[in-house]
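Chemist: Given chain A's structure and the hints, the job is docking chain B with the ligands onto it.
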Amino acid sequence: MSEILVVVDHTDGAIRTTTAELLTCARRLGEPSAVFFGAEADAAPGQLAAYGATKVYVLDDAAYRDCLVAPKAEALAHLVADRRPAAVLIPSTLEGKEVAARLSIKTDSGLVTDAIDIARGDDGAVHTTQSVFGGAYTTTASITRGTPIVTLKPNSLTPESAEAAAPVEVETVEVAVSDAARAARIIGREPRENIGRPDLADASIVVSGGRGTGGDFDAVEAFADCLGAAVGASRAAVDAGWYPHAFQVGQTGVTVSPQLYVASGISGAIQHIAGMRSSKIIVAVNKDAEAPIFGLADFGVVGDLRPVLVQATTEIDNRRAAGA
Amino acid sequence: MNIVVCVKYVPATADRTFSPVDNTVDRADVDGMLCELDEHAIEEALRITEADEGEVTVVTVGPEDAAEAIARGLQMGAHRGVHIVDDALHGSDAAATSLVLAAAVRRIGYDLVLCGMASTDGGMGVVPAMLAERLGVPQLTLASRVTVEGGTVTIRRESNTATEYIEASGPLVLSVTDRSNEPRYPSFKGIMAAKRKPVDTWSLADLGIASEVGLEAAGTKVSAFAARPARAGGQIVSDEGEGGARLAEYLVGQKLV
Ligand SMILES: Cc1cc2nc3c(=O)[nH]c(=O)nc-3n(C[C@H](O)[C@H](O)[C@H](O)COP(=O)(O)OP(=O)(O)OC[C@H]3O[C@@H](n4cnc5c(N)ncnc54)[C@H](O)[C@@H]3O)c2cc1C
Ligand SMILES: Nc1ncnc2c1ncn2[C@@H]1O[C@H](COP(=O)(O)O)[C@@H](O)[C@H]1O
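These protein sequence lines map, in sequence, to chains A and B. Sequential numbering from 1060 applies to the first sequence in the working numbering. Sequential numbering from 1034 applies to the second sequence in the working numbering.
If you are wondering where the hints come from, they were derived from the structure by calculation, not from laboratory data. Incorrect hints may appear among the rest.
[To be verified] To give a feel for the contact side, a few chain B residues facing chain A, derived at Cβ under 8 Å:
hint	residue
1	Glu1086
2	Met1225
3	Lys1254
4	Arg1261
5	Arg1264
6	Gly1277
7	Gln1287
The structure presented is a predicted model; accordingly, all values stated were derived computationally and were not measured. Glycine included, every Cβ here is placed at the ideal spot set by N, Cα and C.
Same shape as in the complex, but just chain A:
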């Protein structure tokens, strides 16, 4: 069966849900081999095998950590030339998309970014589904050149573990990273503070606040915590300095597609919708009954967000206390 390369997204060796999603897709196309960049690979093979990886390539070089994008693209191009995989699947992170971009030029291959689904078509080609123009359209495409390269958006599908996890073969791969690829050096890194909430990009519930919060996110955060959710913000809230940019949802922020998205005090501008439209259930709280966000909402409350969210939080806490 043909080999499919899957680039592993991990945090200090713990694989992220996106990787499980990619492996699930990869099994439809062929036999997944995981590509692990970094030194903390000890626990990874087991986790990767659970989702069907039969091989893990481990690549460890300071350049993958200390230089921007180019070294990983170079290493993948080496693997593509050496192993001739039938496709390369990469997580749709900022870095993932840029790695994919460079790889597609190096290997003269067709590239689809931000796919929400991947399958093999009747013609044998890799087919992808994308959501474009801020989610207003869905397109399907086939990749017709070279080694198909696809980046997959987080939360696009439910990961399925492999029926019988085959024993996984671990291979250390050494690639001589060129000096040119080391030219953009990371000279400082400030890790984002761990705030004890799920990561916005792959949270299953997101509660967001916009200009309507008037700068007070207490009710938004309390409701989020009661649901075990990540907190998001509109650009208006970020621009006002009320919430850090890392939490911005939308075209120029993070794209989310959780089970539940709660927009509070957010009007629903097209650029905001672009980042949350594919959420399974959308709830809006806004005091303006005409706000465009209600056009997308499965459930909406017309009212002041603070009393509404506070009451909802208390109600859920009470039900839980009564149930426990």
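Modeler: Positioned in the frame of chain A, the structure of chain B with the ligands alone reads:
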């Protein structure tokens, strides 16, 4: 420092759709504009040359109307424009666009190539990385802040998990996010002055490019597109003092609590 800024002419926000003929983005019957995110790239280029010296050239690959994007750049203060227009470009993908841009910026000559973070008409945010790959120069992409000192450029970049500071020496490709600066509005003086600034129009033949671009050469083929079905009308309630409780009830009903 001579800077080439790559800017794209995109359909106006409300008008984005597909051509039923060949499934490409419909650019024929719609109003267009300079991609808003590319204004940040122009602004950054102007600031760098104002602090130091040098010329700013705006370059676009696009149909006749795309001249409007160049005009806007010149009105903001760029010195000259280059418009690459050719019927054979129809249906080009990001790889082909980056090929054409690479040939153009080489011909113009540059210390720095500046790009926006993504084109707003469903762009992939990949052209800058492709351009760096093709030019064989360092990429400093998605900068939320840019510092230039001598020949060295340092950027701040927000990755998924950290804020990173990244450094490289020119020539290089730089892309900036909408966090990097506040683009200026063209002044009346700027609008008048723009009319006298030089704009070159080049064809693919001028760049020595023949067959590697256009719909046929694209590495992917869009086979179908469909407007997302409108959401079935949701349930909207008015808060009369029990809105929060009804929200909680809804979430319980959906088994989300
Ligand atoms: C190139 C570009 C990229 C962009 N990228 C993004 C992006 O990534 N993300 C993004 O979010 N935006 C983005 N924007 C900005 C976007 O166009 C909107 O300006 C922004 O989303 C508005 O944020 P908002 O909904 O919070 O504010 P507003 O549009 O001002 O809406 C505030 C809402 O709060 C409601 N409200 C007020 N008080 C209350 C209250 N007490 N209780 C309940 N409701 C209340 C109001 O009725 C109103 O509907 C971008 C714009 C451009 C041009
Ligand atoms: N046709 C084009 N002409 C000039 N520059 C472009 C073009 N397409 C993309 N770019 C540049 O590349 C950036 C990213 O575009 P994209 O990869 O299409 O999202 C844009 O912000 C522009 O700076």
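Chemist: State for each hint whether it applies.
Modeler: We went through each hint and held it up to the structure:
no.	hint	verdict
1	Glu1086	violated (25 Å)
2	Met1225	violated (32 Å)
3	Lys1254	holds (5 Å)
4	Arg1261	holds (6 Å)
5	Arg1264	holds (6 Å)
6	Gly1277	holds (2 Å)
7	Gln1287	holds (6 Å)
Going down the numbered hints, you'll see the structure goes against 1, 2, while the others check out.
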